[in-house]
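Student: Sequence:
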Amino acid sequence: MVQSTGVLAMAYYPEIHADDADYSIGDDVDFVLSDAGELEPADIAALRDLVARTIIDPTNHREALIEYVFGLVPDGGENS
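This note's numbering puts the sequence shown at residues 1 to 80.
Heads up, some of the hints might be wrong.
Said to hold, decoys possible - Simulated restraints, written as ranges between beta carbons of each label pair:
1) A21 to D75: 38 to 48 angstroms
2) A21 to P74: 34 to 44 angstroms
3) P14 to D75: 38 to 48 angstroms
4) T59 to Y23: 20 to 30 angstroms
5) D30 to L72: 12 to 22 angstroms
6) V7 to A45: 16 to 26 angstroms
7) I66 to I16: 15 to 25 angstroms
8) G71 to Y12: 17 to 27 angstroms
By construction, these hints were calculated from the structure, which means they are not laboratory data. Each residue gets a CB set at the ideal place from its N, CA and C atoms; glycine is no exception.
Full structure from sequences and hints, please.
Tutor: Written out as structure tokens, the structure reads:
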């Protein structure tokens, strides 16, 4: 998810709507979240916002996105 967002952020530029009338940030966000698996509605809403913000302005939003995504990952194989 973070990598897909990064790739889309590299292709985004403010004038994209003028150059491509069919462009939709919502389509980009849908693409990123398409492989997110099952998530709670609140997590989906938060991720939609964070992914869109990160695509538009990665410098200011990438850290929040990464922290949120990593917060969703269970600790997995760690021993107690």
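Student: Tell me the hint numbers this structure goes against, listed in increasing order.
Tutor: none
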